[in-house]
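Position in the sequence shown (from 1) plus 80 gives the number in this note's numbering.
In short, the hints are calculated from the structure, not lab data. Small disclaimer: the values here were computed from a predicted structure and weren't measured.
Label-pair restraints from in silico Cβ distances:
id, residue 1, residue 2, range
1, 214, 149, 39 to 47 Å
2, 128, 208, 19 to 27 Å
3, 102, 190, 42 to 50 Å
4, 131, 219, 40 to 48 Å
5, 257, 157, 28 to 36 Å
6, 217, 249, 44 to 52 Å
7, 101, 169, 29 to 37 Å
8, 179, 154, 45 to 53 Å
9, 253, 118, 32 to 40 Å
10, 102, 208, 23 to 31 Å
11, 152, 197, 38 to 46 Å
12, 115, 248, 38 to 46 Å
13, 149, 113, 26 to 34 Å
Below, simulated DMTMM-like cross-link-like pairs (lysine to aspartate or glutamate); rule was C-alpha separation at most 20 Å, straight line:
id, residue 1, residue 2
14, 142, 115
15, 187, 219
16, 162, 122
17, 142, 122
18, 142, 168
19, 187, 218
20, 239, 110
21, 187, 215
22, 101, 152
23, 239, 98
24, 239, 126
25, 194, 215
26, 162, 172
Glycine is no exception: its CB is placed at the ideal position from the N, C-alpha and C atoms.
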Amino acid sequence: MTYFAHSEKLKKNIKMLEIGKYAMVTLTYDLRVDDENGEMVEQATEAQPLQFLYGAGAMLPKFESQLAGLREGEPFTIRLGKNDAYGEVNEDAIVELPKHVFLVGGKFDDELIKTGNTVPMMSSNGQRLNGLVLEVNDEVVTMDFNHPLAGEDLYFAGKVMAVREASDDEVAQILSGGSGGCGCGSGGCGSGCGDDGCGDDSCSSDHSHGGCGCGC
81 MTYFAHSEKL
91 KKNIKMLEIG
101 KYAMVTLTYD
111 LRVDDENGEM
121 VEQATEAQPL
131 QFLYGAGAML
141 PKFESQLAGL
151 REGEPFTIRL
161 GKNDAYGEVN
171 EDAIVELPKH
181 VFLVGGKFDD
191 ELIKTGNTVP
201 MMSSNGQRLN
211 GLVLEVNDEV
221 VTMDFNHPLA
231 GEDLYFAGKV
241 MAVREASDDE
251 VAQILSGGSG
261 GCGCGSGGCG
271 SGCGDDGCGD
281 DSCSSDHSHG
291 GCGCGC
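Could you put the whole structure together from the sequences, leaning on the hints where they help?
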């Protein structure tokens with residue numbers, strides 16, 4: 081192999097290690113509200129990092145774009161205003177649902193459906209949502225389907241742990257919705273119930289799933 085050919089191959093390999101479209105990226109980060117001094121709301125650690133396919137649409141667009149070009153071992157800090165994160169609190173996503181929606185085997189689970197609990201739900205079109213129980217009375221359950229970080233500015237401080245080229249099979253599976261995780265998803269969990277009109281029976285309790293765990 082000539083020196084020129086070896087040099088070109090080396091450049092190609094180095095380029096593949098940069099974060100770009102269809103790279104498989106592994107990150108650690110601390111997520112705080114507002115700035116570096118704000119309340120920590122989530123961590124992705126070396127033991128449990130965030131891994132995602134760059135360019136697949138699974139991350140918040142502004143978060144993803146600021147990672148472009150980074151390489152393994154490089155640190156990063158990212159600030160997202162609320163409009164680039166999960167937006168303002170949507171009052172239409174705070175809804176009252178009839179208590180019969182939550183019946184399982186004809187029984188209402190008072191331990192699960194109580195104020196302060198987050199409950200996995202499913203809309204009429206099969207979309208899984210996480211709802212925060214705000215109030216329970218004799219007739220209805222008031223739930224908030226806003227993302228937990230709606231209305232907040234976000235600050236990430238982290239490190240790129242690994243960058244590699246995704247295989248064709250990985251790309252195909254993730255783009256078809258078969259895998260890829262949820263972390264920082266632009267749609268997020270619990271973001272659509274208000275839009276689906278959950279004021280009646282169009283949402284149902286989904287006790288079989290533990291929610292999406294949208295990391296971010």
